[in-house]
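**Q** So the chains spell out like this:
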Amino acid sequence: MAEKKKTTTKKTETRKQEAPAKQDVKKQVPAAKGAAAPVKTGPSEKPRIGVFICHCGTNIAGSIDIKEVEAYAKTIPNVAHVDNYQYICSTPGQNKIITAIKEHKLTGTVVAACSPRLHEPTFRRATKVGGLNQFRFEMANIREQNAWVHMHDPEGATSKAKDTIRIAVAKAALLQDLTPKTVPVERAAMVVGAGIAGMQAALDLANAGIKTYLIESMPSIGGRMSQLDKTFPTLDCSQCILTPKMVDVGRAENIELMTYSEVDAVEGYIGNFDVTIRKKARGVLSMAEAEAKGISGGGCNGCGDCEAPCPVIKPNEFEVGMKPRKAIYINHPQVVPLLYTIDFDSCIKCGLCVTACGEKKAIDLEAKDEFVKVKVGTAILATGFDMFPVEKKTEWGYKKFENVITSLEFERLICASGPTGGYPIRPSDGERPKTVAFVLCAGSRDNTGNGKPYCSRFCCMYSLKHAHQIIEKIPGCTPIIFYMDIRSFGKMYEEFYYRIQDEGAKFIRGRVANILEDPKTKNLHVFADDTLLNRPVDMEVDLVVLAAAVQPMEDTERTRKLFGVSCTGDGWLQEAHPKLNPCGTTTAGVFLAGVCQGPKDIPDTVASAEGAASAASIPIHMGEVELEPYFATCIEERCAGCGMCVNLCPFTALALVEKDGRTVMEVTEAKCKGCGTCGGFCPGGAIWMNHFATPQIVAQIDAFLLGGEQ
Amino acid sequence: MARTKGYPEALEKKLNDQRYYSEDSNPEFTKNVKAISRTIAHMCFQCGTCTGSCPSAPRSSYRIRLFMRRAVLGLENEALTDPDLWLCTTCYSCTDRCPRDIAPTDVIMAMRNLAFKRDIIPVNFLKTVQAIYKTGHGVPNNDVNRAARERLGLTRDPPTTHMYPEYIKGIQTILDHYKLKANADRIVKEREG
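Chains as they are written, first to last, in this note's numbering: chain A, 952 to 1661; chain B, 8 to 200.
Heads up, some of the hints might be wrong.
[What the hints assert, rightly or not] Simulated coverage check for chain B against chain A, where a stretch passes if three residues somewhere in it have a Cβ under 8 Å from a Cβ of chain A:
#, segment
1, 51-63
2, 104-111
[Unchecked claim] Away from chain A, derived, C-beta distances all over 12 Å, residues of chain B:
#, residue
3, LEU18
4, TYR27
5, ASP31
6, LEU92
7, THR135
8, LYS176
To be clear, the hints were calculated from the coordinates, so they are not data collected in a lab. Here a beta-carbon is modelled for each residue, glycine too, at the ideal position from N, C-alpha and C.
With the rest of the complex left out, here is chain A:
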């Protein structure tokens, strides 16, 4: 120990010796910058930096020696004032910054605390209140990137904190005044996906007086919820509570509904997104479209005359393939909009439907995709989910044994408007099942790579609901639920679990190992370990329902890339912050609603949709948004007009223009995201990245190299 302490003292000494050398470098840098920088309010005065070290309770002070760091900070060149406090983000903590700026005539502030993602706005505000430009603030992260990860190495953590602060001071000394740019916000919004999340978000936006484009790739709205029979734990009829909302969406004046449409391209930035929508060829004119084409009194009225003569039969996707549909079809009788669609992939263009439609002239067999451009201020993605292809887990025999079905197929079989009129049957012989096994976590909570590592969150509850429904519809039928844990976490959910057990459902705590079919009876043997009894089980049942995992819709990947939204490893869209900004994304002006962000049940989905609508309406109601002034600027006297940066820019923010008889680059500041690609590349050093300028970064590197041990 004694030896170790010696080394630390030695380290400090070395640094002191090197300090003058470092100062020399610093002096050079502002000079170099003076030549390079465009006319800006550069710090002509000698920098006076205030350093504020936060304890964050014991989060930082627990592993970093604050006193030692404070003593060291006083020795850093350009530092005029050093202070520390329990919580700098608190009001007294912020007041320390405000008063110090005035008392010590500071030109810049450094707070050594947590991540800028958490408190950069707080300290910028304090810096501004103190009388400095808010961009004269720099944050040194000594919590997430130091105290927390080096919890068991206090000496190393303290030494690293010194480095971090020295580097931050080097940058703070060169920071410049910047003014955020404001841009107007288009008074319209877009919602992608018209399931329950998208519908709710669109209705909220529309009710708040905002013109909303609701885009849906399917021919009708309602999404997954419209396929369900009942909803847990209240056992409301899903269609009954959904259809009023569907009708509202169809009628809302502020909603422009575009079904059978996809987002094709997105350009622009918050406040000004230019979105191209591809309206897929539907082959059927709505009444409004017919009117516009001069066919008075024409267009599709949903009478269905066209459907009967159509000779093409295809599986109905809405019924999970368990019912036929024609090539000209509606998915179910309650569709919104009530408008037929031609599946041109299977249509043989025989023209029988055109004849049947007659004078309404609604059918156009030669229809082509159309492209529509709209401008919106903000956008909400609500692209929803799909079922995991559970046949990949071969041990459960889905698509191999007729009487093994998925929970979504079960929903349709138990639904009054489904293919069997709500009369649940076994697919093999149409008989009523007497024992039904429900397999939970079918592909969820699976780390094998052939499955999903996450909990799909609503399977436990809908399987309880299925157990209730089968007891209700088939007297004497016993549901057997194979589970690992019953996750009944929501309001009235645990009570629902109690109720279902009371109604006679049997619960076996064990994940199903495999399923085999008796080839004669088509009954199934479910093998598992009853872990509570500690005995293996072989349960013969009539029907097996796999509560398959959920995964993002196939098209999510394409859509998210158009909007520049990130995703997690399993494909769910990534929120800006899981706790404090669950609806926002890292792209300003783009928000998330519903399951596209991660599995949610209906209450959570609707709550998330209302959150997203509220967040998306804020910039629109404010009328303008402030953009971070981190954009690139062109130092015109150095620009050779080569145009290489123009092609490199990922945001099409740069262009070549004629100025005073020369070709130079010009930046569209609102489009520029400050990524620095152009600035790093420019062969003439003609691009100045605000707040991340080359001299500022070089000063940071120098401070690290020259100030540290070599």
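Put chain B on the given structure of chain A with help from the hints.
**A** Using the frame of chain A, we list chain B on its own:
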């Protein structure tokens, strides 16, 4: 003890203290099992897929899930002294299906390794060692098999150490290197005289 005086031994055993105590748990055991098995033995969440898949479980008292639990908790003595440890057929069905991507079979093999270090091993396993040392086969060829092979048009002995006994020496060198044969002989002698 006094309470059960005069009762059969089985009942006395049933009335023993059944709890396990913190000192029964040896964290080093979990680490050793992980190191030897090279699988994440501490990650079991007790779903029972292993026992449900196990061909041994329905016809024996062997419960692979219990051994996984002992691996997680570090219950070394309980795991190594349980004679069920030797009932695994190493079919790897549990490993195929484990949703946590653990290889329970390899956990069992690791525990057998650790048990053998404490001379805990059924004699029939040791006799297999002796058979391999002698013939190069755990189950050497016999006259019934030889006749069957002939009927199928095969050589009476397979092209292994049976056909090339000169290679048995190599196998013996390996077994001797690990003192497997010497230990097997010693334990068999201790048990059977």
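**Q** Work down the list of hints and note, for each, if the structure agrees.
**A** A quick look at each hint next to the structure:
Given as covered by chain A, the segment 51-63 of chain B passes the check, having 10 residues with a CB less than 8 Å from a CB of that chain where 3 are the minimum. Interface restraint, the segment 104-111 of chain B with chain A: holds (5 residues with C-beta to C-beta distance below 8 Å; minimum three). Annotated as non-interface, B/LEU18 keeps its C-beta farther than 12 Å from every C-beta of chain A; the closest such distance is 21 Å. Every beta carbon of chain A lies more than 12 Å from that of B/TYR27, the smallest distance being close to 16 Å; the non-interface claim holds.
B/ASP31, annotated as away from the interface, keeps every beta carbon of chain A farther than 12 Å; the closest lies near 19 Å. Consistency note on B/LEU92: stated as away from chain A, and its beta-carbon is indeed over 12 Å from all of that chain's, at 16 Å minimum. For B/THR135, the condition that its CB be more than 12 Å from all CB atoms of chain A holds, with the nearest at approximately 27 Å. Here B/LYS176 stays apart from chain A, with its beta-carbon at least about 43 Å from theirs, past the 12 Å limit.
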